[in-house]
Amino acid sequence: MHNPLSRAARAESTDSTLGTTEEVHARRPLRRRPWIVGTTAVALALGGVGIAVAADAHKTVSLDVDGKIVEVDTWAGSVGNLLDELSIDTGERDVVAPGTASSLGDGDTIVVRYGREVTVFDGEENESVWTTALDAAEVLDSLEQREAGVHLVASRSSARTEIGVRLPLDEAVQVLVEGEVHPVAAGVADVDAALAAVDVELGELDEVLVAERSSDGHEVAAGEAGIVTVVVRRVEVTEKTSTKKIAHETETRKDSARYTDQPTIVRTAGKDGVRTTVHRIRTVDGDVVEKEKISEKVTTKPVTEIKVVGTKKRPVETPSRSTSSKDQGTAPSGTVWQRLAQCESGGRANAVSASGTYHGLYQFSVATWRSVGGKGLPSQASAAEQTKRAKILQARSGWGQWPHCSAKLGLR
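The numbering of the sequence shown is UniProt numbering, which starts it at 1 and goes up by one.
It is possible that part of the hints are untrue.
Restraint-style ranges between C-beta atoms, simulated for each label pair [to be verified]:
(1) Ser-242 x Val-289: 55 to 61 Å
(2) Gly-203 x Asp-84: 43 to 49 Å
(3) Asp-285 x Asp-84: 47 to 53 Å
(4) Thr-100 x Glu-180: 45 to 51 Å
Taking lysine-lysine and the DSSO-like style, the derived pairs with C-alpha atoms no more than 27 Å apart in a straight line are [said to hold, decoys possible]:
(5) Lys-245 x Lys-301
(6) Lys-293 x Lys-245
(7) Lys-301 x Lys-271
(8) Lys-388 x Lys-375
(9) Lys-408 x Lys-254
(10) Lys-271 x Lys-244
(11) Lys-240 x Lys-297
(12) Lys-391 x Lys-307
(13) Lys-307 x Lys-244
(14) Lys-254 x Lys-244
(15) Lys-245 x Lys-297
Calculated directly from the structure, the hints in this document are not laboratory data. Cβ coordinates follow ideal geometry from the N, Cα and C atoms, glycine included.
Use the sequences and the hints to build the structure in full.
This is the structure:
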């Protein structure tokens with residue numbers, strides 16, 4: 001006898017539309033039947049066998065395979081013989097009622113429920129559970145007897161998987177996405193059909209759960225009736241780059257060729273470095289649920305600042321003698337200033353350049369002379385006054401004020 005409900009064809013038969021008057025879809029009542037999740041045998045309330053008949057008597061029985069009911073004419077004497085005759089094989093997680101050893105009588109009803117493995121999400125992690133329920137609503141009812149707030153996982157990331165049980169055909173369901181509830185009329189068979197009915201498209205990483213929710217999309221307490229809801233969770237994975245400054249160090253070096261009163265020289269300018277960190281961030285409906293550091297490295301190395309200070313002690317200068325306006329004296333003898341004055345002006349305090357621009361021992365311009373506090377013309381001041389003002393200028397601006405002579409004398 002040809003078997004339209006063999007195990008090999010059950011996927012098609014449990015989801016296809018019935019086409020004959022002999023097949024009747026066993027719709028579940030408006031409230032749930034207490035199907036048991038797991039492998040425990042299920043006691044089903046079935047129509048009893050009437051009068052005992054001979055094992056080889058012809059009979060007509062009703063066969064319910066996962067909610068699809070057909071009338072079968074058979075000579076089989078037991079439930080097991082009937083299933084063998086129809087090539088319906090069952091496993092240890094499937095349920096047959098009455099059991100396969102039970103005798104078969106005319107008018108009997110035999111129920112076969114295949115076990116399916118479904119994935120349950122409890123808000124923290126996924127768990128695999130076996131069930132013989134016909135649809136998602138029955139699974140959720142059974143699960144909520146154990147724990148509130150559980151969901152069936154219909155998809156995970158981009159690898160979408162079947163939940164193993166269909167949506168209840170005899171009840172309206174709803175789709176919840178981004179906080180908005182979309183009602184769906186009764187008759188949709190699966191998650192894809194429910195999403196298509198309200199024009200909701202899934203992103204590559206989106207997740208889909210099936211749960212019982214209130215009409216406004218909120219979770220219901222254990223034991224409270226809810227609407228079977230396809231919950232779409234919008235998932236995004238992005239990479240965020242952040243930077244942090246690495247402060248540079250400072251190193252001071254000593255130079256025995258430079259005087260202690262000479263300004264500190266910055267030989268190498270310091271520069272801060274940069275440390276770059278990249279995090280992978282996973283968000284669900286806009287909320288961050290996971291943050292993972294995937295790289296961290298120094299993208300710009302800091303540059304150490306190098307300063308140079310002199311350690312050479314400057315000799316004590318001998319005060320110059322007082323001079324009149326005619327005899328203004330010379331630069332202090334035996335000092336760097338005497339040598340500088342000798343180079344700049346031949347050591348003459350009243351020297352004036354041929355252009356009339358530069359005056360005195362150190363060839364001050366009038367503007368520079370006045371910028372260091374000088375009065376009148378440099379060539380009219382005493383040698384001591386000129387040296388005093390030259391020291392002020394050197395301390396402020398360095399030996400570069402006398403570029404030719406300071407280089408010749410090895411001062412820079």
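Outcome of the hint check:
1. Between Ser-242 and Val-289, the C-beta spacing of about 19 Å breaks the proposed range 55 to 61 Å.
2. Remark: the range hint 43 to 49 Å for Gly-203 to Asp-84 is upheld by a beta-carbon distance near 48 Å.
3. A hinted range of 47 to 53 Å holds for the C-beta pair Asp-285 and Asp-84, which are about 51 Å apart.
4. For Thr-100 and Glu-180, the hinted distance range of 45 to 51 Å is satisfied, since their beta carbons lie about 49 Å from each other.
5. A C-alpha spacing of about 10 Å is found between Lys-245 and Lys-301, which places the hinted pair at or below 27 Å, so the restraint holds.
6. Taking the CA atoms of Lys-293 and Lys-245, the gap is near 18 Å; set against the 27 Å cutoff, the hint holds.
7. A hinted pair counts as satisfied when its Cα atoms are at most 27 Å apart, and Lys-301 with Lys-271 qualifies at roughly 9 Å.
8. At most 27 Å may separate the alpha-carbon atoms for a hinted pair to count; Lys-388 and Lys-375 meet this at roughly 13 Å.
9. For the hint linking Lys-408 to Lys-254, the alpha-carbon distance of about 23 Å falls within 27 Å, and the restraint holds.
10. Distance check on the hinted pair: Lys-271 and Lys-244 sit about 14 Å apart at the alpha-carbon level, within 27 Å; holds.
11. A hinted pair counts as satisfied when its Cα atoms are at most 27 Å apart, and Lys-240 with Lys-297 qualifies at roughly 14 Å.
12. Under the criterion of a C-alpha separation no larger than 27 Å, the hint pairing Lys-391 with Lys-307 is consistent with the structure, at around 22 Å.
13. For the given pair, Lys-307 sits about 26 Å from Lys-244 by alpha-carbon distance, which is consistent with the 27 Å threshold.
14. A threshold of 27 Å between alpha carbons decides the hint, and for Lys-254 with Lys-244 the separation of about 33 Å lies outside it, so the pair is violated.
15. Taking the CA atoms of Lys-245 and Lys-297, the gap is about 12 Å. The hint holds against a cut of 27 Å.
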